[in-house]
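> As a plain string of letters, each chain reads:
Protein chains: 2
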Amino acid sequence: MTTEHPTALQPEMPATRWGDPALASGLPDGVRDLVGLVFPIADTPALADVVVPASRLSAAQVDGLRALLGEENVVTDDEVRRLRTRGKSTPDLLRQRRGDLGDAPDAVVRPGGHDDVVAVLAWAQENRVAVVPFGGGTAVTGGLVADPAGLAGILSLDLGRMRGLLALDPVSSTATLEPGLRGPEAEALLAAHGLMLGHFPQSFEYATIGGFAATRSSGQSSAGYGRFDAMVVALRVATPVGEVRLGASPANASGPDLRELFLGSEGAFGVITEVTVRVRPLPEVKEYEGWRWSSFAAGADAMRALAQSDLLPTVLRLSDENETAINLADPEAIGGEGNPDCLMIVGYEGTPAAVAAKKAAVTAALTALGGAPQGTGPGEAWAHGRFNAPYLRDSLLDNGVLVETLETVTFWSNRENLYARVKAALEAALPGAMVLCHVSHVYATGCSLYFTVAAPGGEDPLAAWLPAKAAACEAIVAAGASITHHHAVGTDHKPYLTAEIGDLGATVLRAVKRAVDPTGILNPGVLVP
Amino acid sequence: MTTEHPTALQPEMPATRWGDPALASGLPDGVRDLVGLVFPIADTPALADVVVPASRLSAAQVDGLRALLGEENVVTDDEVRRLRTRGKSTPDLLRQRRGDLGDAPDAVVRPGGHDDVVAVLAWAQENRVAVVPFGGGTAVTGGLVADPAGLAGILSLDLGRMRGLLALDPVSSTATLEPGLRGPEAEALLAAHGLMLGHFPQSFEYATIGGFAATRSSGQSSAGYGRFDAMVVALRVATPVGEVRLGASPANASGPDLRELFLGSEGAFGVITEVTVRVRPLPEVKEYEGWRWSSFAAGADAMRALAQSDLLPTVLRLSDENETAINLADPEAIGGEGNPDCLMIVGYEGTPAAVAAKKAAVTAALTALGGAPQGTGPGEAWAHGRFNAPYLRDSLLDNGVLVETLETVTFWSNRENLYARVKAALEAALPGAMVLCHVSHVYATGCSLYFTVAAPGGEDPLAAWLPAKAAACEAIVAAGASITHHHAVGTDHKPYLTAEIGDLGATVLRAVKRAVDPTGILNPGVLVP
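Residue numbers (the numbering used here), protein chains in the order written: chain A, 80 to 608; chain B, 80 to 608.
Just so you know, nobody snuck in bad clues.
Each pair may be met inside one copy or between any two copies, as identical chains are not told apart.
Within a straight-line C-alpha distance of at most 20 Å, the following computed EDC-like cross-link-like pairs (lysine to aspartate or glutamate) qualify:
{"no.": "1", "residue 1": "K438", "residue 2": "D389"}
{"no.": "2", "residue 1": "K592", "residue 2": "D582"}
{"no.": "3", "residue 1": "K438", "residue 2": "E459"}
These are calculated hints, taken from the structure and not from any lab test.
Sequences and hints are given; from them, build the entire structure.
Here you go:
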């Protein structure tokens, strides 16, 4: 973690890979034998070997932006624009590995605060240029791929200079954060006051506060600390037609809760420039355990019982038989060959007294439901590697293995149906695929399902993946579930959104879009059907 | 409680009074001496002594409606229209006592289900007639007072025939309810399955599921069971341009949460025809206790500590010094003369094990914070009288005492400021007023304040009250708090809404309104600035 406030543009992640190159992992022992390594996929081409489309902005336009933001905060060079092209889905990475930069922005602009954002939006509206907010660049559903049709170009609005803790209200337990703060930075700023936010999605190390809000993110501790949107008490949003500040109180009856209209709006309704969140005392104790269940269904039923008793620990996740066998560091520890037990991770955080009380109650409940405690070994292994999967994906891609994730959410009574449909769709669409799944988040009334798919990439892994993704999405729609639990809509899920919210829901989104963005410059093509 | 499904129009509440006339109370001993009984306010005039405006609907229009809904479900007689005029705020009651029926609807229509509602909305759009959804008639902020400007009249859309439990999903713990179900009826239908909803606002006995959803209601057990909007997982809404079903899952990242746009929409965006809510097992144990605090601030700080530790009981409320002294059945029990201690009610519901565990933890926390347990006496007294205040209001009005309530919500750090400002505003505007307050709902980041005002009514209690209400609203706005925590916006709070959500927030509401109600027939004049 760092509390440094970088002032230079920091392209920390390579265009085609996740995270810090120094931390890249090779394939773990054993994995190489599992996969057919026929077509290794080449990594990032050199800049000289790719064609970055020329910026469509005129010199006068660039000068105009520089007059607003300063010379150094308007960047048009090819490498920077390549690094701000798309996000980190597997298709995004595969397109970058191919050198496809067709979606490159025409300039990267770096506002220093809310007023700068307002100025950029005014400029963009006047110049009819699209604006794509860019936080950590970790989008996985095409949320950074704007459609410039009818517009003069695309600005990537890099929020990397907006990384402040603007206000702290220890009495109300709230903190006001700028959108460009990455997860670890936000936690470090709060930790200096003995506080934490407690939002730990897998993208935690790179993803940003603004991105969490714009996509309705959900983290690995959501059982205890809630989804990100549930942590938000107030928002400030800049739009081309003015700003809006929402959240005069924790909750109220002052009409519809308009916070919920800008949360999840994915840059299409405005740029979130301030986020006020509930914070908590840093936990004094953290304990993560493993529990073994005889089947995925038995474990899921136990999760349901906890959620419906309002007896949730801080962390609660359950791997299916495949994921338990394949994805854990030491599968032997929790079951043997032919013994496809399922591993649940149960984590407790808080004061010693609160952890002890919760642990006693949860342990009693899980024991009564048939779970077998596995001690802290599996829990610590999970905690150690909880942010590492994207690195492993890069190594698998290097070795010709197509790997991607997708997720959904439904009510408990539909869980098995949804699981079976999505799994079958993926297996049918990708011959030889291995489909893993875990329950990543639970509610009293339902749960999310998070799938990981690995398959031989073949000669054209992108062409292999896209129909499989479509088949999975169609299975989700057919099952009546939500097209996404926490990855957001972006452009990839947009074709399926109307099935979920109806024609009238789509009409409402378009009406709001027109009201706040009459010229359609905000992340055009994303989210709104 | 009753599970009967009434088929006749039942005007259970008198036009000018609350509840069942058989249960009307006189003034309790001692209260008579406290108030100046100079100008008793006359009760409901006989129908013969009031002027009910003639229905503006033509005979052909009434016939048209009857063709849609059946003869008996379209009513235009004066007494029924009087009973559907306005709600149950004190100004509403005072206007009825005066015989002022200027806001009477032109007809009362009673749809039997979603399709009937769709048909009425289509008819109303074609005939340019306003539609005001009517559930329990318990609105207290002018939500039943539509503005017919530019329209041909007003229909009161009485939801009293839509009182079914449409679906029950015991695995997911959800139930789908029709909007006309009153609180006790909904609970009785669920109790037959061993389940409950757990939403107990003071209006519980008359208010309806649809009204709870349309106003973002919050109940007396919200500390444990949450606000009503937090209980809702799905909605079906009829609008003049089509229907929308929202809630494919408990929570998701499928764009903005559009449920939150129809929750709190007060009939202005559509008619809520189905509400799917989380349900729970009926509690096996209910225990309500009193706790004494040395001051309102000390008690509020204790509530804050519980909320910020995620250690909330099922019921948690705290009366200020005035309310403690005046409003409780036995004030002597919790303090003596000159000892303005404050009473907190702490209630636990659930399984014996869950209640015991929660009670032990809460008791330890409250004891450490300086609270003094008062046993179950004050708690049982509160539980016994929890729905009685509106009856007392009628008796006070009968005796010339102006009495009304209002409420707001803010962050914890602003609680004392908000309390002082609103109290001072009311005391300044109403000479001789007694202002009582309690914290009715708490969140980790803030709390609501619920004020009760009693003052000599004088010759014109309505003229006395309206400027006091305005002064209180202005104090709330000046304090930066929300104009309402759970009473909703209606017409009374509409002038203050833009201060809370901003010009752009108001623009968004208008844009949604135009999209779902292009001819402006849905509860016109309510909510949308």
